[in-house]
Amino acid sequence: MVARNKSVPKGPRGGIQKRRTALRADKDGDLSMDSSAKGRGGIAKRSSTAPPSESSGRKPRGGAASSTRLRAEVMRHVSSGNVAIKGNSRASAPTQSLEDIIITGWTECKTMSGQDSIVPALIAWVEKKATLKSPTKRPVKVKKSRVDDKSLIISILAGDAGAILRLNSFVFAGANLKIERAPKEEANSETTKNTIAMMKSVLERRYNPDLKLLDLSALGQDPDLKASTIFDQSSTTSKFFPALMKVLDRQFETPAQKHEAIQSVTLANNDLPDLSVVTTLSQTVPQLKNLDLSNNKFAKLRDIEVWRRRFSKLDHLVISNNPIEQSELDLVKTLTEWYPRLRLLNSIQVRSDEEAAKGMRVVDLPFPIKTPVFQDEGQIAENFIRTFFTGYDTERTALARMYYDNQSDFSFSVNTGAPRDETTQNPTASQEWDAYIKSSRNLKKLNHLPARQSRLYKGVDAVIQSWTHLPATRHPDLVSDAKKWLIECQLQPGLPDPTNQSPGGVDGFLITIHGEFDEMDVSTGQVKKKRSFDRTLIIGPGGRSGVRVVNDMLTIRAYGGTQAFEPDDTDNTSQAHPSMQAGLPQGLTPELAQQMVLELQKQTNMTAGYAKDCLEQVTWDFDRALQAFAAVRANLPSDAFVQPQAA
Numbered sequence: 246m247v248a249r250n251k252s253v254p255k256g257p258r259g260g261i262q263k264r265r266t267a268l269r270a271d272k273d274g275d276l277s278m279d280s281s282a283k284g285r286g287g288i289a290k291r292s293s294t295a296p297p298s299e300s301s302g303r304k305p306r307g308g309a310a311s312s313t314r315l316r317a318e319v320m321r322h323v324s325s326g327n328v329a330i331k332g333n334s335r336a337s338a339p340t341q342s343l344e345d346i347i348i349t350g351w352t353e354c355k356t357m358s359g360q361d362s363i364v365p366a367l368i369a370w371v372e373k374k375a376t377l378k379s380p381t382k383r384p385v386k387v388k389k390s391r392v393d394d395k396s397l398i399i400s401i402l403a404g405d406a407g408a409i410l411r412l413n414s415f416v417f418a419g420a421n422l423k424i425e426r427a428p429k430e431e432a433n434s435e436t437t438k439n440t441i442a443m444m445k446s447v448l449e450r451r452y453n454p455d456l457k458l459l460d461l462s463a464l465g466q467d468p469d470l471k472a473s474t475i476f477d478q479s480s481t482t483s484k485f486f487p488a489l490m491k492v493l494d495r496q497f498e499t500p501a502q503k504h505e506a507i508q509s510v511t512l513a514n515n516d517l518p519d520l521s522v523v524t525t526l527s528q529t530v531p532q533l534k535n536l537d538l539s540n541n542k543f544a545k546l547r548d549i550e551v552w553r554r555r556f557s558k559l560d561h562l563v564i565s566n567n568p569i570e571q572s573e574l575d576l577v578k579t580l581t582e583w584y585p586r587l588r589l590l591n592s593i594q595v596r597s598d599e600e601a602a603k604g605m606r607v608v609d610l611p612f613p614i615k616t617p618v619f620q621d622e623g624q625i626a627e628n629f630i631r632t633f634f635t636g637y638d639t640e641r642t643a644l645a646r647m648y649y650d651n652q653s654d655f656s657f658s659v660n661t662g663a664p665r666d667e668t669t670q671n672p673t674a675s676q677e678w679d680a681y682i683k684s685s686r687n688l689k690k691l692n693h694l695p696a697r698q699s700r701l702y703k704g705v706d707a708v709i710q711s712w713t714h715l716p717a718t719r720h721p722d723l724v725s726d727a728k729k730w731l732i733e734c735q736l737q738p739g740l741p742d743p744t745n746q747s748p749g750g751v752d753g754f755l756i757t758i759h760g761e762f763d764e765m766d767v768s769t770g771q772v773k774k775k776r777s778f779d780r781t782l783i784i785g786p787g788g789r790s791g792v793r794v795v796n797d798m799l800t801i802r803a804y805g806g807t808q809a810f811e812p813d814d815t816d817n818t819s820q821a822h823p824s825m826q827a828g829l830p831q832g833l834t835p836e837l838a839q840q841m842v843l844e845l846q847k848q849t850n851m852t853a854g855y856a857k858d859c860l861e862q863v864t865w866d867f868d869r870a871l872q873a874f875a876a877v878r879a880n881l882p883s884d885a886f887v888q889p890q891a892a
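Numbering (this note's numbering) for the sequence shown: 246 to 892.
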C-alpha cells in the first residue's frame with residue numbers, strides 16, 4: 246500500500262503561486278480574520294465593504310472579546326508559560342541531543358493503503374524492533390517524524406541511533422527498508438543561517454497573537470520569499486513548506502505550547518491544486534481549531550483527502566471560492582463525516598453546539614470492543630474485519646481469492662452442546678445441523694486421524710469449495726448493531742513469511758470474534774435460522790490485497806444471545822466497572838471511562854494501569870491525556886508499556 250504521489254503542477258511561481266485576488270488587510274498589513282459565531286474564536290470572512298475593526302472602532306462581530314480582553318488573555322497565556330512565536334526572545338531549556346534517521350523503501354509496503362496507515366504502523370514497528378536491538382533494552386521512542394517525498398525522516402535520541410540503524414535491510418510488510426543517518430546540516434553555512442533567519446522572520450510577521458492565527462496566505466507574494474527566489478525553481482518550491490514547518494516546530498519547547506499558541510491557520514490565495522505541497526501542516530499543528538483553504542483550486546474531494554481524519558479538533562473550515570463547491574454535491578455531508586467536531590463550514594453552522602460538544606467528549610472506538618485487548622496498527626485489522634464479513638455474506642469466492650492463498654487453512658466445527666438463549670423462541674428441528682455436520686471438524690467428536698485431516702481445508706480452492714456448501718448468511722452491521730459483536734485483536738509475531746525473506750517470521754494479528762448471524766433462504770430472502778458463532782483468524786502480510794489469512798477457524802452453535810457481552814448488572818453502573826468507579830467526574834459513566842482507557846492504550850501502547858492513571862491526572866480529558874503522554878513519554882519506565890511478545 247503506497248501513498249499516492251501527486252506531481253506539483255508547474256506555474257509561474259512553482260507550487261505556491263501568485264494570488265489572483267487581493268486580500269483585505271488591517272492597518273498593519275495582516276490578514277483580518279474575526280472570531281466565528283458565538284464567540285468561538287473561529288475564522289470568519291469580513292464583508293468586503295466593512296473596514297477592519299481596529300480602524301473603525303466597532304466591536305468585533307460574533308461576540309468576540311474586545312481588544313483589551315484579548316490583550317489580557319494573551320498576557321495570561323504568556324505569564325503561564327504559553328509562549329507565542331518570538332524568535333530568540335526567550336531562553337531555550339536544555340534538551341537531549343536528537344539525531345535524524347532517514348527510512349526509505351517503505352512506500353513499497355503491501356499490507357496497507359495510504360500514507361496515513363503506513364507511517365504510524367512503521368514507526369510503531371521501528372520502536373518495537375529497535376527496543377529489542379537496544380543493548381540496554383530501554384524503550385526506543387521516535388520523538389518527531391515527517392515525510393519528504395518517499396523518505397520518512399524520524400528524530401530520535403542520539404543514543405538510540407545505533408539500535409535503529411541495525412534494522413537496515415529488514416523487511417516490513419513485504420518491503421525492504423533502507424535505514425541510514427540523515428546528512429548533518431551545515432550549521433556554520435551562511436546560506437543555511439540566512440535561510441532559517443528569513444523563515445523565522447516570515448513566521449513572526451505572519452503570526453497574530455491576539456487571534457492565535459498563523460497567516461500563510463498568498464505566500465507567493467511575500468516580499469521576503471520573493472526576494473529569496475525560493476519559488477523560482479521547482480526543486481526549492483517543493484522543499485520550502487516542509488522546511489518552514491520544521492522552523493516553526495523549533496520555536497516551541499513543548500507541543501502543548503505550540504498547540505496553545507496556534508489555533509488558526511489560513512492557506513488562502515495560494516493557487517493550490519491539492520494539498521501535496523502543504524501536507525506537513527497537519528503533522529506540525531494537528532490540533533488546529535480553525536482552517537481557511539479559500540480561494541485555491543481544489544476541484545475534487547481527492548484533492549484534499551490527504552487531510553481526512555486529521556485535525557481532530559477542527560471547529561471551523563473555510564473552503565469557499567474553490568471549484569469543489571460546484572463539483573461535489575455531498576460536500577457538507579462528507580466534510581462533517583471527516584471531521585466529527587466540525588461546527589462551522591464557510592461560516593455556516595453545520596452541526597449544533599451540543600453535537601460538537603458531544604463529539605469532543607465521546608471516544609469513537611473502531612469496533613464494539615468490550616475487552617482491553619485490541620492491538621491494531623494502521624487500522625490493518627479493523628479494515629480487514631469490515632471487509633471480511635461483508636464479503637462473506639455477499640461474495641465468498643471473491644473474498645477467498647482476495648485474502649487466502651495456497652498455504653491458508655480453514656476449518657469449521659459444530660458445537661451442538663452449547664447453551665441456548667432461553668429468552669427467545671428459536672425452535673429446534675431434528676435436521677437443523679445437516680448442512681454442517683458432514684464436514685464439521687469437532688475434534689472432541691472425531692477420533693480418527695484421516696477424518697481430521699480430510700476436514701482441514703488447505704488452499705484457496707479448497708476454502709472456496711467448503712464455503713460453497715455452507716448456508717448463506719447475513720451478519721449484523723458492525724456500527725448499527727454493535728452490541729451483537731465482541732472483537733479482540735492482538736499482535737502475533739513469528740508468522741511464516743510467504744516471501745521467505747525473514748527466517749524469523751513476520752508480524753501479524755490474532756483476531757477473535759464472537760457474534761451471531763442469520764441463515765438465509767437464497768430463493769426467498771427470508772431468515773431461516775439464527776445462529777451464534779466464534780471465529781478465530783490469524784492474518785499476516787501477503788496476498789493480493791497485502792493481507793493474507795494464515796488460519797481461519799469457525800465454530801457454529803445454537804443461538805445463545807448477547808447476554809455474555811453485557812456487564813453483570815446493566816442497571817447499576819457502579820457494579821459494571823468497579824475499578825472505574827472512584828474519582829470519575831460528574832456525567833462520565835464507568836462504561837465510557839473504560840472505553841477511554843482502551844482507546845488511550847491503543848494510541849499509546851501503555852498498560853491499562855498507566856493509561857488510567859494518565860486520564861485521572863487530567864480529570865479524564867482525553868485530548869489532554871494525549872498531550873500529557875507526549876510530554877513525558879521519554880521518561881516513562883519500560884513497564885509502562887505493553888511489552889512485545891518474544892518471537
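Simulated from the structure, these hints should not be mistaken for laboratory data. Owing to the predicted nature of the structure, the values given are computational and were not obtained by experimental measurement. Mixed in with the good hints there might be a few duds.
Unchecked claim - Distance condition first, Cα-Cα at most 25 Å in a straight line; then the derived DSS-like pairs of lysine-lysine: (1) 389 - 374; (2) 703 - 689; (3) 683 - 775; (4) 373 - 395; (5) 471 - 484; (6) 729 - 703; (7) 386 - 471; (8) 389 - 423.
Stated by the list, open to error - Ranges between beta-carbon positions, derived for each pair: (9) 423 - 402: 46 to 52 Å; (10) 698 - 578: 28 to 34 Å; (11) 852 - 442: 43 to 49 Å; (12) 395 - 661: 51 to 57 Å; (13) 455 - 636: 50 to 56 Å; (14) 716 - 810: 47 to 53 Å.
For glycine and all other residues, C-beta sits at the position ideal for the given N, C-alpha and C.
Each hint, compared with the structure:
1. 389 - 374: This hinted pair holds, its Cα atoms lying about 18 Å apart.
2. 703 - 689: Holds, at about 21 Å.
3. 683 - 775: holds (20 Å)
4. 373 - 395: holds (22 Å)
5. 471 - 484: holds (15 Å)
6. 729 - 703: violated (30 Å)
7. 386 - 471: This hinted pair is violated, its Cα atoms lying about 39 Å apart.
8. 389 - 423: OK: residue 389 and residue 423 at ~19 Å, within 25 Å.
9. 423 - 402: 46 to 52 Å: violated (21 Å)
10. 698 - 578: 28 to 34 Å: With a Cβ separation near 53 Å, residue 698 and residue 578 fall outside 28 to 34 Å, so the hint is violated.
11. 852 - 442: 43 to 49 Å: holds (45 Å)
12. 395 - 661: 51 to 57 Å: holds (55 Å)
13. 455 - 636: 50 to 56 Å: holds (54 Å)
14. 716 - 810: 47 to 53 Å: violated (24 Å)
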